[in-house]
Amino acid sequence: MVDVSKVSQWVQKAVADIAAFEGKLNKIDKDSTAEKNALSALLAGNNLTPDDRDYIEGFMLDKNAKAEKINGLKPKKNESRSIEMPYNEPIGTFENQSADEVNKLKSMFSKMHLFFDEEGNVARQEIRGTDGELTVLSSVKHINENEMEMNTEQKMIDGSVITSKVIRNGAKNLEDATYKILDRVIKKDNKIAQEEHTNPDGSTVRTTYWSAKSMFVAIPSPIHIIKTEQSIEEFLAQIDKVEEVFKDGVVTVKYYNKDNELILSQEGHYTQDRSGYFITQFQMEE
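Residue numbers (the working numbering): 88 to 373.
What the hints contain is simulated information worked out from the structure, not anything from laboratory work. The reader is advised that the hints may include incorrect statements.
Straight-line C-alpha distance at most 20 Å; calculated SDA-like pairs for lysine to any residue [claimed, not checked]:
id: 1; residue 1: Lys328; residue 2: Ile279
id: 2; residue 1: Lys228; residue 2: Ser197
id: 3; residue 1: Lys242; residue 2: Met199
id: 4; residue 1: Lys300; residue 2: Thr265
id: 5; residue 1: Lys267; residue 2: Tyr364
id: 6; residue 1: Lys267; residue 2: Gly336
id: 7; residue 1: Lys252; residue 2: Leu349
id: 8; residue 1: Lys163; residue 2: Gly207
id: 9; residue 1: Lys123; residue 2: Ser167
id: 10; residue 1: Lys198; residue 2: Ile244
id: 11; residue 1: Lys228; residue 2: Arg271
id: 12; residue 1: Lys228; residue 2: Glu205
id: 13; residue 1: Lys150; residue 2: Val91
id: 14; residue 1: Lys267; residue 2: Val223
id: 15; residue 1: Lys191; residue 2: Met302
id: 16; residue 1: Lys328; residue 2: Ser362
id: 17; residue 1: Lys100; residue 2: Lys123
id: 18; residue 1: Lys328; residue 2: Leu349
id: 19; residue 1: Lys193; residue 2: Ile279
id: 20; residue 1: Lys228; residue 2: Leu192
id: 21; residue 1: Lys198; residue 2: Ser167
id: 22; residue 1: Lys111; residue 2: Ser127
id: 23; residue 1: Lys228; residue 2: Gly216
id: 24; residue 1: Lys163; residue 2: Glu109
id: 25; residue 1: Lys93; residue 2: Arg140
id: 26; residue 1: Lys252; residue 2: Lys193
id: 27; residue 1: Lys156; residue 2: Trp97
id: 28; residue 1: Lys267; residue 2: Asn233
id: 29; residue 1: Lys242; residue 2: Asn277
id: 30; residue 1: Lys161; residue 2: Asn113
Hey, can you work out the whole structure from these sequences and the hints?
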């Protein structure tokens, strides 16, 4: 028997909100796939205590379990099919960030709002800051049981905005999920700082525009330039655009100046991590 007093208030409300999707508004309807799937999505979260998990699992196993009244009120049908939860950990890590940046991140990632479709799958996700401003808006299209397409727009701490279209595999288990980035654009001050697109032939082209500065954009190191008398700083001062083409484990990087003239080309190899990001490696020429 779960001691309800030890269950987080937001978990009690989220379970009550899920129970109010349809039918009996204070119980999980035994024939409701939507309510059961929504409970599974809630259980997959990483900000639950053991008591929270026991409470949620109890509703999945006990058809007679009743949701707690919230603020003493009787439940009303949850027309929006949504729940709200705290967002405990901002996206990314804090290892290389200043105290001001950490505080900014924490203020931008406060609450997460999940909206479910008729089958109980997450169809939209909103993350808001402590001021109520929208930080992340993500729509989800379920392709099959283990694959989904995610379209996301996210505000970053330097004012950049990242929009992306990603395919996620392993939807039922976040720890094993892998991601494939189909499209990704970073804008700063309404200028494109970087864009990345995957083509039908499987190649990916990533273009970086050096004039649109963003802390989330980096130019690949021009390793061959040290063979000339020109310093890296002098070389970078000429750069206006860098184009990287990734295909079949080989990456070709081309550096262009403001007149769109090619001033350096280099080739290397790459791998991709679980999140779909490229890890490049170049070999020095003898």
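Ascending list of hint numbers which this structure does not respect: 2, 4, 7, 16, 19, 20, 23, 26
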